[in-house]
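Can you make the complete structure from the sequences, with help from the hints?
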Amino acid sequence: MNELSFFIQALIYLSSAIIIVPIANRLGLGSVLGYLIAGIVIGPFVFGFVGTEGKDMLHFAEFGVVMMLFAIGLELELDLLWRLKFWLLGLGGLQIILTTVITAAFAFGFGFSWKPALALGLILSLSSTAIVLQTLKEKGLMKSVSGQASFSVLLFQDMAVIPILAIFPMLSDSYVATSSHGHSLIEHLPGYVRTLVVLSVVIGIILVGKYLLSPFFRLLAKSGNREIFTGASLLLVIAISVLMGAVGVSAALGTFLGGVVLASSEFRHELESNIEPFKGLLLGLFFLSVGASMDLPVMMQNPSKILGIVFGIIFIKALVLFLLGLVFRLPLDQNLYFSLALSQVGEFSFVLFGYSEGLGLFQEETIIILVACVAVSMALTPVLLLLYEKTIFGFLESKIPKKQTEQNIHKQENPVIICGFGRFGNMLGRFLRSNAIGITILDFDADRVEMLGRFGFKVYFGDATRLELLEAAGLEHAKVLVAALDNPEKQAELIRNVSQHYPNIKIVARAGDREGAYDLKEMGVQYIYRETRETAVLMGKDVLRLLGTRAHTAEKAKNLFLKHDDDTFHELFDLRRGRVQYMSLAKQRNAELERLMLVDLGKEEELQRDPWSEMER
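With the sequence shown counted from 1, adding 58 to any position gets you the numbering used here.
Calculated from the structure, these hints are not laboratory results. Just so it is clear, CB atoms sit at the ideal spot from N, CA and C, and this is done for glycine as well. Fair warning: there could be bad hints in the mix.
As a list, the in silico DSS-like pairs of lysine-lysine whose alpha-carbon atoms are at most 25 Å apart [unchecked claim]:
#1 LYS616 <-> LYS599
#2 LYS579 <-> LYS537
#3 LYS621 <-> LYS599
#4 LYS280 <-> LYS268
#5 LYS173 <-> LYS143
#6 LYS579 <-> LYS564
#7 LYS363 <-> LYS173
#8 LYS548 <-> LYS579
#9 LYS621 <-> LYS564
#10 LYS614 <-> LYS599
#11 LYS616 <-> LYS579
#12 LYS537 <-> LYS548
#13 LYS548 <-> LYS564
#14 LYS564 <-> LYS537
#15 LYS268 <-> LYS143
#16 LYS548 <-> LYS448
The calculated label-pair distances, taken between Cβ atoms and stated as ranges, are [to be verified]:
#17 ARG84 <-> MET509: 31 to 41 Å
#18 PHE103 <-> LEU270: 44 to 54 Å
#19 GLU415 <-> LEU293: 28 to 38 Å
#20 ALA163 <-> PHE103: 33 to 43 Å
#21 ASN555 <-> LYS268: 50 to 60 Å
#22 GLY151 <-> ARG276: 34 to 44 Å
#23 TRP140 <-> ILE261: 20 to 30 Å
#24 LEU191 <-> PHE144: 12 to 22 Å
#25 LEU293 <-> LEU377: 45 to 55 Å
In structure tokens form, the structure reads like this:
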């Protein structure tokens with residue numbers, strides 16, 4: 059590929075991604091499917107912007123998968139694994155074993171020999187980390203039972219990729235250990251010697267990571283040169299990949315191992331942030347290349363076969379997950395969501411299909427059909443979850459006892475309900491309780507609920523945006539509802555629900571900043587409190603005191619500033635859409651405030667040096 063051709067290819071790939079991926083995200087399909095669709099569009103069977111170069115680019119882009127495994131390794135801190143051990147080993151381990159066995163049995167029954175059938179079962183047991191985690195985060199479900207169960211299973215699946223990569227060569231009759239760029243340096247050695255060399259390399263990576271890399275990165279950090287640190291991060295990943303490839307072992311295995319070793323390092327987050335842009339770009343390029351290399355004519359010749367396989371996979375995986383959810387006592391509504399969310403096949407299957415093709419486990423036409431099935435299963439996930447929320451979930455809400463979906467709330471007649479008991483809600487709750495005000499508290503963080511219960515707070519676990527939960531908490535008897543949720547979207551949903559069904563209740567809402575406060579005011583909230591405003595002004599008052607201002611004068615200055623800020627807030631609200639008028643009036647009010655403060659503090663002479671005054675003149 060000459061230089062001009064390379065830039066043209068880069069232009070086509072990047073343009074297609076920039077146009078199509080945001081549209082796919084907007085439609086709820088996720089970025090992975092967006093990249094696949096973009097690849098199909100520019101591929102040889104649609105517009106034909108790229109041809110056989112797609113497969114060449116795929117080999118280059120596979121380095122993004124290597125980086126992804128390094129990042130996964132960095133996330134595997136021992137304390138996290140220990141906290142999730144029950145679901146990680148139980149749910150995650152059993153899900154992979156049962157799905158693999160059942161899928162392999164079906165494949166064997168449809169004519170596959172046992173080795174390809176087992177390989178297919180292992181590939182299809184994986185789910186999409188990108189799609190599921192993104193969906194859970196967008197819906198604010200990461201702390202729910204279904205969210206924690208899903209995360210545990212996905213984490214185990216990510217860890218299982220490494221042994222799967224190690225197993226695949228043993229399933230091939232024609233595999234010869236080679237590096238990704240040629241023959242292995244040790245392939246001519248006897249088998250036991252190769253094993254010793256590989257073990258030595260792995261132990262060497264662990265020892266170097268544990269005892270040498272942290273001092274090395276500490277030295278680089280002291281230089282203050284971020285570019286060098288970024289270069290060292292990339293060098294680490296590339297060096298491990300080359301080293302493992304040289305001894306005939308998957309580069310992904312080595313980089314994953316390096317990530318695990320560095321997971322407890324103080325430079326873990328810095329390493330993650332440094333490789334994140336490269337990982338994201340190369341992974342996107344990888345999925346683009348997969349899409350561009352998909353053979354659409356073969357897929358169009360077998361639409362019924364593809365749909366049959368897709369729904370068969372979804373049914374088997376959802377059934378296995380649902381039965382495991384029952385065994386692990388997940389509430390019914392959470393179990394159904396968990397089962398559907400993980401019923402698709404994951405993005406790493408594209409890597410494994412390419413890997414298995416190189417090992418001769420599957421024919422090319424079979425892989426084309428299976429890759430298409432994976433893409434369709436991923437595309438169906440948002441649709442299935444939306445149908446569940448609109449139909450099954452609503453039905454279950456009316457049929458399942460409340461104690462099965464949420465922690466059982468004893469209906470109370472407290473005058474105040476606080477939704478969200480983070481830093482802001484916690485301080486407010488302590489203040490009200492110390493003044494003998496009865497409060498009912500709702501929070502969606504199970505760990506926080508448990509911890510606060512030990513301190514004597516009556517905090518109930520639940521999604522406060524659900525009206526039936528608020529009613530169970532005694533909303534019809536409350537006089538004030540405090541909206542203090544961390545998620546702005548959830549905060550807005552809570553306020554809309556309460557305003558619509560209980561218009562007489564007074565809503566007191568927390569806002570993060572002035573723009574957030576404007577959004578709340580637009581929804582009709584009258585009592586809005588910016589969480590940083592009073593604290594910042596109180597600190598300013600203390601600064602005045604430290605500079606010699608009298609206590610009474612500093613207190614007066616604080617009150618004057620807050621009153622002026624309140625008046626300005628309401629005045630500027632009407633102009634928030636017109637930025638020119640907004641900025642003009644804001645500057646006028648700032649100048650006016652400075653004049654008032656200086657006069658009040660007896661410093662009229664400083665008005666002569668006031669830049670706002672000079673601007674007005």
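For LYS621 and LYS599, compute the direct alpha-carbon distance and say whether it is at most 25 Å. 15 Å, holds
ALA163 paired with PHE103, Cβ distance criterion 33 to 43 Å: Holds, at about 34 Å.
Could you tell me whether the CB distance from LEU293 to LEU377 stays inside 45 to 55 Å? 46 Å, holds
May I ask you to test the hint 44 to 54 Å on the CB atoms belonging to PHE103 and LEU270? 50 Å, holds
Given a hint of 34 to 44 Å, does the C-beta separation of GLY151 and ARG276 actually sit inside it? Since the Cβ atoms of GLY151 and ARG276 sit about 37 Å apart, the hinted range of 34 to 44 Å holds.
Given the hint that LYS548 pairs with LYS579, test it: the Cα-Cα distance must not exceed 25 Å. The hint holds at about 16 Å.
Check the hint pairing LYS548 with LYS564 against an upper bound of 25 Å on the C-alpha distance. 18 Å, holds
Keeping to a limit of 25 Å between CA atoms, is the pair of LYS614 and LYS599 held or broken? OK: LYS614 and LYS599 at ~9 Å, within 25 Å.
Is the distance from the Cβ of ASN555 to the Cβ of LYS268 consistent with 50 to 60 Å? 52 Å, holds
Taking 20 to 30 Å as the hint, is the beta-carbon distance of TRP140 and ILE261 inside that range? The hint (20 to 30 Å, Cβ to Cβ) holds, given that TRP140 and ILE261 are roughly 24 Å apart.
Starting from LYS268, check that the Cα of LYS143 is at most 25 Å away, please. 24 Å, holds
Distance restraint hint 28 to 38 Å, applied to the beta-carbon atoms of GLU415 and LEU293: 30 Å, holds
Checked against the numbered hints above, the structure violates only hint 5.
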